[in-house]
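Since each chain comes alone in its own frame, lean on the hints to assemble the complex.
The residues making up each chain are set out below.
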Amino acid sequence: MNDLTKWSLSQDTNLQSPWIEGIPGCGIPGAASLVEHIDRQILVLQRDGRYIVGYLRSYDQYANLVLENTFERFILDDTYCDEPLGIFIIRGENVALLGEVDEEKENQWLSQLRTASLEETKRIVREKRQATKAHLHDQPERVEWTFYDDAFF
Amino acid sequence: MVLPLSLLKAAQGQPVLVELKSGDTYNGHLVNIDSWMNLNLRDVVWTSREGDRFWKIAEIYVRGNTVKYLRVPEEIVDILADQQQQSHATDKSSFPKNRRPGSRGKRRWGS
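As you go down the protein sequences, you meet chains D and Y in turn. Residue numbering for the first sequence is 1 to 153, as defined by UniProt numbering. Residue numbering for the second sequence is 1 to 111, as defined by UniProt numbering.
Just chain Y, with the same shape it has in the complex (with noise of 0.2 Å):
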């Protein structure tokens, strides 16, 4: 499962449109992501609230705890199965990822 936090970081340089608990939207480019969703836009347009007013900005930070939600374009699926599949190649440790715990442990009583 990708964790929202790494299904942003993985739609850097994507158009996303934000909308921060102002109400107003920010459509832009992602530069970047950190962990607490603060935001670095490029190219950006600004809606007002009421749909009535637009600025264009040519760079914006967004701080993460102002943001209501995001819409990332569908083509982020697409990334995010390539970065899986090159991952899982990669991949060499054939380390079992679904196993109970404690079986990593020493054996006991000759099993």
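In isolation and in its complexed conformation, chain D is listed as follows (with noise of 0.2 Å):
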């Protein structure tokens, strides 16, 4: 699944040093980079709420993604449901947040989880989706502040 042969970085660049020229976020040792994210499989919980799972192969200063052998990971109570969809790229500026996803850690738990049919389990979640924003923007109850009960009226 994580097919490196055309994508040529990580196979000839020693990624840990910091000073290879070309790779952004380098040069500052402990601070946040996603250098280390690359090549390996990432989970981007983007901010409409979907959760997209891809291999990492590049990315640039405003944190704009291309990601590999993605799909879009609907998740209900028990069940669970991938959507294929090829090589994405994400504006930076619409991930809420990303982390590296643990191989074992997540078959454990998908394990626990049902498989559903793609088509029944994004008509669910977007139903979800519609019935929790409908609420956004209701009026909130109006309260009646009266002074009636003070004792010098």
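Calculated from the structure, these hints are not laboratory results. Honestly, I wouldn't trust all of these hints.
Said to hold, decoys possible - List of simulated lysine-lysine pairs, DSBU-like, C-alpha gap at most 35 Å:
#1 D:105 - D:128
#2 D:122 - Y:68
#3 D:105 - Y:68
Stated by the list, open to error - Residues of chain D clear of chain Y, computed beta-carbon distances all greater than 12 Å:
#4 38
#5 73
#6 76
#7 77
#8 78
#9 86
#10 88
#11 101
#12 104
#13 107
#14 108
#15 110
#16 111
Note that CB positions come from ideal geometry on N, CA and C, so glycine has one too.
Okay, here's the thing in structure tokens:
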């Protein structure tokens, strides 16, 4: 799944060295950087609430991401479903957070869930999202402040 | 490493899918892209957020800051590999890419 033959970077350079030119985010030991996640599988939570999983192939100073073998993971209570998406380029500002996937732990967790059909899962997730969004713009109940109990009125 | 915008540049002419922040998707051939991710697409199919309405549009211009994500076909990887092979073949200078800074300066102390 993790086919590196066409993406040459991690094969011919030492990613850990902070002096390699052309790799953004290097040079400050201890600072957060995406370079450690290159060619690893990461899970991205987008601002719209979607989970995207893929192998991180590239990024830039805006944290725009290039993911390969990407899929969207729909998670309901005890079921999950993956939709394959191919090559994904996410604009950096739409990422809420991301993290590296630990394959062992993930397999453990996934084996406890059921898989479901993609159509059904997508429909349920879409309905849920619409339901939660429906109340976002509800007006709060207006409270009438009265001072008739005030002792001096 | 191919930077994201360079990859998009290489995808010119390919069919791409763009989803905007609004949730609408545009499927079309990428005519042009610039450094702000502004896009020019042709022969576009617009799909609404809910996936129930469709429009066919000949040409559209998408402002880069409205893009949520793009999907490109897997063939782009082959195109990139070819491009990199070509650029390595024509790269005459033996300029070392992996080096410590300062190593190009004057040699000192008789080493």
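Results of checking the hints against the structure:
1. D:105 - D:128: Between residue 105 (chain D) and residue 128 (chain D) the Cα gap is close to 27 Å, so the pair holds against 35 Å.
2. D:122 - Y:68: holds (19 Å)
3. D:105 - Y:68: This hinted pair holds, its Cα atoms lying about 30 Å apart.
4. 38: violated (7 Å)
5. 73: holds (15 Å)
6. 76: holds (19 Å)
7. 77: With a cut-off of 12 Å, residue 77 (chain D) remains clear of chain Y, as the shortest Cβ separation is near 24 Å.
8. 78: holds (26 Å)
9. 86: violated (6 Å)
10. 88: Nearest chain Y Cβ is 6 Å from residue 88 (chain D), so the label is violated.
11. 101: The claim stands: residue 101 (chain D) keeps its Cβ more than 12 Å from every Cβ of chain Y (closest is about 19 Å).
12. 104: Holds: least Cβ distance 27 Å, greater than 12 Å.
13. 107: Per Cβ check, residue 107 (chain D) is outside 12 Å of chain Y; nearest 25 Å; holds.
14. 108: Since the minimum Cβ distance to chain Y is about 29 Å, residue 108 (chain D) lies beyond 12 Å and the statement holds.
15. 110: Consistent with the label, residue 110 (chain D) stays out of reach of chain Y, its closest Cβ about 24 Å off (over 12 Å).
16. 111: Holds, because the least Cβ-Cβ distance between residue 111 (chain D) and chain Y comes to about 29 Å, which exceeds 12 Å.
Of the hints listed earlier, those the structure fails to meet are numbers 4, 9, 10, in rising order.
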